[in-house]
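Engineer: The chain contents come next:
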Amino acid sequence: MVQTPMTRERLFALREEIARLEGSSVAAARQEALAGESGHAKRKDSHRLSLDVPALDGALEGGLPLDGLCEIRSQLMRDAPAVTGFALALAALLQRKAGQDRSPVLWISDTVTAMETGIPYALGLADFGLRPERFLHAAPRRLEEALWLAETAVESGAFLVSILEVKGNPAHFGLTESRRLSLRARAAGRPLLLLRQSAEEEASSAAFRFLVEPAPAAIRFLPDRSILGGSIGNPVFRLTLEKSRNPAPLSLFLEWNPHDRQFFSVNKPEHARVPLKRAAHSGPHLSASADRPDSPQDMGPVLAFDQAS
Amino acid sequence: MRLTALDEAAEAIGLKKNQGVAEARAIYPKLDIAEEDLGADRRLLDGIADWCDRYTPLVALDGPDGLFLDITGSSHLFGGENALLKDILLRLFQMGLDARGAISSAPGLSWAASRFGSGGVIADEEMEQVLAPLPVASLRLAENTVAALQKLGLKRVGDIIAAPRAPLARRFGAHLLLRLDQALGRDEEPVSPRRPVASLSAERRLAEPVQTEEDILSLTGQIALSLKASLEERGAGGRAFELMLFRVDGRVFRIAAGASQPLRDPKRIAALFSERLQAVHDDLDAGYGFEILRLNVMRHEAFDAAQEDFDGDRQKDVSLSTFVDRVSARLGADCLQSFHMRESHVPERAVTAVPAIDGLSSGKRPAASGFSWSRSERPLRLFRQPESVEVSAAEVPEGPPESFRWRRILHRVCRSQGPERLAMEWWIDGTDVRARDYFRIEDDTGHRFWIYREGLYGQMPPPRWFMHGVFA
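These protein sequence lines are chains A and B, in that order. Start counting the first sequence at 1; every next residue gets the next number (full-length UniProt numbering). Start counting the second sequence at 1; every next residue gets the next number (full-length UniProt numbering).
Just so you know, the hints here were simulated from the structure itself, not pulled from any lab data. Since no wrong hints were added, every one of them can be taken at face value.
Covered stretches of chain B (chain A as the covering partner; in silico rule of three or more C-beta atoms under 8 Å from a C-beta of chain A):
no.	segment
1	375 to 381
2	433 to 447
Examples of chain B residues toward chain A, derived with CB under 7 Å:
no.	residue
3	Cys335
4	Gln337
5	Phe339
These numbers were taken from a predicted model, which means no experiment stands behind them. Just so it is clear, CB atoms sit at the ideal spot from N, CA and C, and this is done for glycine as well.
Generate coordinates for the entire structure from the input sequences, incorporating the hints supplied.
Structural biologist: Laid out in C-alpha cells, this is it:
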C-alpha cells in the first residue's frame, strides 16, 4: 500500500493516541508502527514475560507485563497453594529469563494466610525452580504496612518481582490503592504480582487477572513411556484468564516443570476426575419414610357435600 | 514506718532519717509524708543520667542517689573543670534539683567531697588535705565498720591515714584500706558506664531548639557529614547508629537504627532516621524542642570501597540495601527475612529465617553441597506447627492414608508418594522421639499435601498423623 508522508504521520499519531488510551507503551506503539504492518505477533518487547504457551501469550498480548500490576486470585483458601505455586513459577521463569540480573524476589505475606497455609519454605522453593538465596520474605503485621512495603519495593527497583499476598477483598485495598500500586510499578518498570487468596472478583487496576485452581498433577513417565506408579509428577494448574483486553475468556491447564523452569500447556488430564461437588452429607439417598401420612387426598369430594335439594 | 528521706524544711525542724513516722508527727504534726517509691526514684535518676550524657558519654549510676561522670577529655569543651561543674549544678538547680558535686582525680574522693565536704574542684596535690577532716563514713564503708572505727576513736579519715596500715587491715579487713587508697587516688577505680560507649559520636548544640522532623533530619545529615571524615580515617562504615535528642526540659530520646551494610554516606544515614522517626512518631514528643542532637556510631565495620563498574550492577545492590534499611528501620528488623539453609534433615530445622539486615552483609552463602543427600520434593509452604490430621483408615503397616479429615474437610487420597522416613536428631531431641514417615498426597480435587505419620502401627501409643505443608 502506498502511503503519502501525510497519511503516515496521521496514522502514527492515531496509533499513539490509541496506545495512550489503552495504557500500553507509546514508544512500543511507535516502534511497532515503524516496523511495519506485521501486527501483534511481532510485539515482543522486553517488557513482556512470554510464558512460551502460544495460546496464553496470545491472550496476554505477548506475555505478562513486566511493568505493571497483575492479579492472581483463588476462590477458596484451600486453593491458596495453587496460587502460590503459579506466582512462584512466574518468578522462577523470570529468574531464568533474567539471566545476569541477580535481583532477588520479594514475597510479602499476609498474616492470616500464613497461619492458614504456612509460609514459603526455602527447600521447597529450591525444588520448585527458584533460587532461595535470592528470595526475601516480608511479614508485615497490618495491611497498611504491606501496602507501604509493596510500594517501596516496586519503587526501589531492586527486586525482580514483588509478590504481595492479600486475603480476600479488604475494604482498605480498593481501586485507589490498586491504581496507586499499578502506577508505581509502571513508573519503576518492575512487575508486581498481587495474590488475592479466597477472594471475589473485584474491579482493580491490574492489567490481567487470573483465577487459579488446582488440578491433578501430571503423570511421571519412565524412559520407556510406561507410567511410574506411586508417584506424583509436575504440578498442574487450571488457569482462567478472567480479565484481559481479550473479550473471550480463556481457560487452560498449565503444567509447570520445575526442572526446566518452563510452562507447558496440557490437555485436560484424562486421568483427572471431575472435581466432585460432593453433597454436604455423603451416603445414599434414602427413600421417603414409611410411617408418615400418605400424600394428601383430593379435597373436593370430602368437603363439598352434595347440594341439598 | 520510718523516714527515709527529708527535705530542707524538715531537716531545719530537726527531723532525722530513720526516725519513726509517729515520732516525727509528734514533733511536727503538720508533717506531709509521701510513701517511698523506689522505682520512680530510679527513673528520675536514669533521666538525670541521660541528661548528663551531654557532658560525657561515660555516666555511671551510683547507688540510689548519685551519679559518676567520667569527664576525662571532655572538660575543656565546657571551659574547664570549674565551669563544667558550675554549669551542671546550675542547670540541675534550675530544674529544681538540689545537687552537689565535686571533681577530682579519684571517684572515691569526689564521692566523699560531694556528700560530706564542700565539693568543688579538688586539685591532685590537695587530695589528702581535703579528705583528712571528713568523717570515716565518707570512705563508702559498711555501717558496722564505721561504727567500729568510731568506737575506737578513729572519727576522721585523717586518723586512719595517719594510723599504721597493717593493724588496720588485720582488724577491719583489706576493704578499708582499699577504699582509702581509692579515695586518695593511689588505687585505680574504674567507672563502669551505664550504656555501651559509642565508638564514634558527633553532636550539634543549638542556640534555638528545633521541633520539626525536617529540621531534625537535616541536622542529622549535617552531623553525619562531620562523622564521615572519622569513619573514612578508620576505613569503616557504621552498621548501628543511635540518634540522641536532648529536649530542652532535660528529657532525652534515643532512636536506634541499623543498616544492612556499613554506611558512610550522610544522606543514607539521615534516610535511616527518616524512617525511624516515622515509626516512633507517636512516642517522640518534641515539646519545646530539642537543643542538642548527637549521632553515635554504636557499631562499625570495615567499609570495603569497591570500584563502581560500568553496568551499574552496584547501583542495584545499593537500592536493595537501602530498601532493606528502610523497611527494617520502619517495621523492625524481624519483618524482612532471608532464608539460610542449615545442615539438618528435619524439615523445620533445615531452614532458618535471618533478618535481612544481618543476612545481606554477612555474605557467606551456605554451600549448597551440604544438601546433596537424596530427598524427595519438599512442599512450597510449610506450616509453622504441624497440624493434627484425623485419619480413619490407612494402609498398614507403612502405607499412606486412604482418606483423612483436616480442618473438618474430608479428603480422599487419589495418589500418594512415599514414605520418606525421617528419624529425628537424637543429639537434640533425645532417643524417645518417634520417627516420621512423610507422604506426598494428592486428593481427588487436585490439592497436594505433605503429611506424615509419627510412630508406627502396632506400637503403643498408636501413631498420629500430621499435616506439615502444602504443595503447589
